[in-house]
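Protein chains: 2
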Amino acid sequence: MPAPARILVAQGGGPTAVINQSLVGIVLEARRYGQVERIYGARHGVRGVINEDLLDLTQETTEHLERVAATPASALGSTRDKPDLEYCRKMLAVLRAHAITHFFYIGGNDSSDTVRIVADEAAKAGYPLRAIHVPKTIDNDLMGNDHVPGFASAARFVMQAFAGANLDNAALPGVYVAVVMGRHAGFLTAASAAARVGPDDGPHLIYLPERTFEIERFLADVKAVHARLGRCVVAVSEGIHDASGEAIASKLAKGGVERDAHGNVQLSGTGALADLLCDEIKDKLGIKRVRGDTFGYLQRSFLGCVSDVDAREAREVGQRAVQFALLRDANGSVAIRRTGDYAVDLVLQPLEAVAAKTRVMDDAFINAAGNDVTPAFMDYLRPLLGSGLPQAARLRAVSVPKVGT
Amino acid sequence: MPAPARILVAQGGGPTAVINQSLVGIVLEARRYGQVERIYGARHGVRGVINEDLLDLTQETTEHLERVAATPASALGSTRDKPDLEYCRKMLAVLRAHAITHFFYIGGNDSSDTVRIVADEAAKAGYPLRAIHVPKTIDNDLMGNDHVPGFASAARFVMQAFAGANLDNAALPGVYVAVVMGRHAGFLTAASAAARVGPDDGPHLIYLPERTFEIERFLADVKAVHARLGRCVVAVSEGIHDASGEAIASKLAKGGVERDAHGNVQLSGTGALADLLCDEIKDKLGIKRVRGDTFGYLQRSFLGCVSDVDAREAREVGQRAVQFALLRDANGSVAIRRTGDYAVDLVLQPLEAVAAKTRVMDDAFINAAGNDVTPAFMDYLRPLLGSGLPQAARLRAVSVPKVGT
Numbered sequence: 209m210p211a212p213a214r215i216l217v218a219q220g221g222g223p224t225a226v227i228n229q230s231l232v233g234i235v236l237e238a239r240r241y242g243q244v245e246r247i248y249g250a251r252h253g254v255r256g257v258i259n260e261d262l263l264d265l266t267q268e269t270t271e272h273l274e275r276v277a278a279t280p281a282s283a284l285g286s287t288r289d290k291p292d293l294e295y296c297r298k299m300l301a302v303l304r305a306h307a308i309t310h311f312f313y314i315g316g317n318d319s320s321d322t323v324r325i326v327a328d329e330a331a332k333a334g335y336p337l338r339a340i341h342v343p344k345t346i347d348n349d350l351m352g353n354d355h356v357p358g359f360a361s362a363a364r365f366v367m368q369a370f371a372g373a374n375l376d377n378a379a380l381p382g383v384y385v386a387v388v389m390g391r392h393a394g395f396l397t398a399a400s401a402a403a404r405v406g407p408d409d410g411p412h413l414i415y416l417p418e419r420t421f422e423i424e425r426f427l428a429d430v431k432a433v434h435a436r437l438g439r440c441v442v443a444v445s446e447g448i449h450d451a452s453g454e455a456i457a458s459k460l461a462k463g464g465v466e467r468d469a470h471g472n473v474q475l476s477g478t479g480a481l482a483d484l485l486c487d488e489i490k491d492k493l494g495i496k497r498v499r500g501d502t503f504g505y506l507q508r509s510f511l512g513c514v515s516d517v518d519a520r521e522a523r524e525v526g527q528r529a530v531q532f533a534l535l536r537d538a539n540g541s542v543a544i545r546r547t548g549d550y551a552v553d554l555v556l557q558p559l560e561a562v563a564a565k566t567r568v569m570d571d572a573f574i575n576a577a578g579n580d581v582t583p584a585f586m587d588y589l590r591p592l593l594g595s596g597l598p599q600a601a602r603l604r605a606v607s608v609p610k611v612g613t
Numbered sequence: 209m210p211a212p213a214r215i216l217v218a219q220g221g222g223p224t225a226v227i228n229q230s231l232v233g234i235v236l237e238a239r240r241y242g243q244v245e246r247i248y249g250a251r252h253g254v255r256g257v258i259n260e261d262l263l264d265l266t267q268e269t270t271e272h273l274e275r276v277a278a279t280p281a282s283a284l285g286s287t288r289d290k291p292d293l294e295y296c297r298k299m300l301a302v303l304r305a306h307a308i309t310h311f312f313y314i315g316g317n318d319s320s321d322t323v324r325i326v327a328d329e330a331a332k333a334g335y336p337l338r339a340i341h342v343p344k345t346i347d348n349d350l351m352g353n354d355h356v357p358g359f360a361s362a363a364r365f366v367m368q369a370f371a372g373a374n375l376d377n378a379a380l381p382g383v384y385v386a387v388v389m390g391r392h393a394g395f396l397t398a399a400s401a402a403a404r405v406g407p408d409d410g411p412h413l414i415y416l417p418e419r420t421f422e423i424e425r426f427l428a429d430v431k432a433v434h435a436r437l438g439r440c441v442v443a444v445s446e447g448i449h450d451a452s453g454e455a456i457a458s459k460l461a462k463g464g465v466e467r468d469a470h471g472n473v474q475l476s477g478t479g480a481l482a483d484l485l486c487d488e489i490k491d492k493l494g495i496k497r498v499r500g501d502t503f504g505y506l507q508r509s510f511l512g513c514v515s516d517v518d519a520r521e522a523r524e525v526g527q528r529a530v531q532f533a534l535l536r537d538a539n540g541s542v543a544i545r546r547t548g549d550y551a552v553d554l555v556l557q558p559l560e561a562v563a564a565k566t567r568v569m570d571d572a573f574i575n576a577a578g579n580d581v582t583p584a585f586m587d588y589l590r591p592l593l594g595s596g597l598p599q600a601a602r603l604r605a606v607s608v609p610k611v612g613t
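From first to last, the protein sequence lines stand for chains A and B. Sequential numbering of the first sequence, starting at 209, is according to this note's numbering. Sequential numbering of the second sequence, starting at 209, is according to this note's numbering.
Don't read these hints as lab results, they were simulated from the structure. One thing to keep in mind: the hints can contain errors.
Pairs count within a copy or across copies, as identical chains cannot be separated in the list.
Straight-line alpha carbon distances no greater than 30 Å define the calculated DSSO-like cross-link-like pairs of lysine-lysine that follow [said to hold, decoys possible]:
{"id": "1", "residue 1": "K496", "residue 2": "K298"}
{"id": "2", "residue 1": "K490", "residue 2": "K290"}
{"id": "3", "residue 1": "K431", "residue 2": "K565"}
{"id": "4", "residue 1": "K610", "residue 2": "K298"}
{"id": "5", "residue 1": "K490", "residue 2": "K332"}
{"id": "6", "residue 1": "K332", "residue 2": "K610"}
{"id": "7", "residue 1": "K496", "residue 2": "K431"}
{"id": "8", "residue 1": "K290", "residue 2": "K610"}
{"id": "9", "residue 1": "K496", "residue 2": "K565"}
{"id": "10", "residue 1": "K298", "residue 2": "K459"}
{"id": "11", "residue 1": "K431", "residue 2": "K290"}
{"id": "12", "residue 1": "K298", "residue 2": "K565"}
{"id": "13", "residue 1": "K431", "residue 2": "K492"}
{"id": "14", "residue 1": "K610", "residue 2": "K459"}
{"id": "15", "residue 1": "K496", "residue 2": "K459"}
{"id": "16", "residue 1": "K290", "residue 2": "K492"}
{"id": "17", "residue 1": "K490", "residue 2": "K459"}
{"id": "18", "residue 1": "K492", "residue 2": "K459"}
{"id": "19", "residue 1": "K332", "residue 2": "K565"}
{"id": "20", "residue 1": "K332", "residue 2": "K496"}
{"id": "21", "residue 1": "K496", "residue 2": "K290"}
Given these sequences and hints, build the entire structure.
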């Protein structure tokens, strides 16, 4: 019989539609092992660890856990805390006090860095802890992963939103600009391209944070599409910036912009960027009907918009994390690798490979003009969106000859 | 054999998720009648009529029409034109030139007024025209209707959006304000209440255009909820206004606001109101994490968010419109009446009963404080949202006793 095990799981960073699949994957997989005495969950991520704010997940029924798995947004609660060394030492003290042997942290690159520090400190202290990072982010920006759980469901939302917005814009023509999440990586904004069915379908222009945004170039692009089609649908990443790296949101703002503790301009939870771009189009191009939307929190939390592929893989990374920890006795970060079209393998990569790093879109995924994606990106994206994608169809009836009045 | 019939159908005003069900209901029902020689569709509503921009829907396959029916946003295109007498006379001239015997206009109260004028002018001219208004609006504000096709699917979107936003806000606490469409009627904003499952679920506050919005009262409400729960989710109608009727969006704006030709402040296609309310909360209450979303065009056009009840009824009002026109030889506006829990009947009401009028929420649907809905509204709403509504479930695990570190 292996030594008794006590598991702690936590969720960090922005919620996703499938982050609870990973949570439940960890809990239900861990229940299969006789040596696991307790499975705890920390409320609000690492903050719940240092505050000893823990739930006993051993006492959740399997049926209820399955319902939670199908619910968006971090069921344990999340946090934006980015622990430093001192914070991680406090965490380790709590883990030891509760005799935790295995720590699983579901999150993005900041979370993986936390796991790395905690694992290092445990090793230095001679405390036998296994620490595993379980990948999650709608931004899809984790190194060493083909894609990250949470991205595909958000991408599906963006696709469905743009498919509808394109039809709305075709019905009542004008310019429509929608701002999509993703401060450094443009994957989610790029997913808007999946909305296209016919040759004139939008989004007609896509602007990503991987390229410098030039307002004059943007206006010329919009003008050209509007002249050709009488309308224009534009997808813009919240993270677009000028050549110096300054966010367009702060560059265009006449008044002040909100900055967080790290000096970053607040990009989400405000409609400012969309409104500023719309004002530019109205002022400089003289187009009357210009409308802007900001997808905001809907794209990561909307109830009932999930890619089944994403849900399955999110469950699997949780299950596999437990297997790596309990059967292989290893630390690391679970990663998804694509092995076929479409097939994946789940591997364990060193925490250093993913911690505090950011992956951005490959050059091969962005067109030369920097205002659209390539067919290679569509090949990459399509299998992730899952089954049962809703389909749009437009009338193709012939015109009635005019008789004159 | 009845006299030969030629049908013209058009779509006006804002698109909905099910407006094409009504279009296809009209087209497929009309095909059942041997006297119907042609079924035309006008592109972009009444504008397509005066421009003789017509499609021959007789030449669409049934299979393709069924796909269009399941697609959001006006497939024929829409318009914001509000025809005056001269405009309606031009329309009648085109109808006569194409020997149109039956005109169906799918739209809101402005559209019904157009149908009324066209019908009057035809009668005055002795031209044998049957003109039927087919109801459509996400605002749910047509007189004489229990509810209007398009509302329930938009309500379902709002419910799913708030259910997710509530979970997101529970995971990362703060204040969340989302602005919902509806300039004069609060039905769609009120539908956010359907997102609640547990006692602490948001939206915790709901502000409707049927009540005067007082900023101090609003701030006190938010403060009280935030003090009690550590978080607060707020649903706000884009049409909230002060006691004088001035839109809060223009009242709070420091700079200028956009107005349309009628002097109305632009409410949709901008995130300004949400941002202004968030600024008030940050400035006056000192709460740090305050986020605002504006649901914008997503709530009326999102691909793949449909109430099956709404889709069925939208199809039926189209079918019934053709029956009224061809079998009863009547003009009027099709209306939905609730006859049971849940059952409806479709009636034909006089165009005057609905034309250019606006229905708002009953007092019985709004709580005394004017910041929430009543159980009576929930009884009214629930059957409309349709089957297969996604369900959210939250953890209910017990806390782990603290051991101290």
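Looking at the structure, which of the earlier hints fail to hold?
Numbers 3, 5, 10, 14, 20, in rising order.
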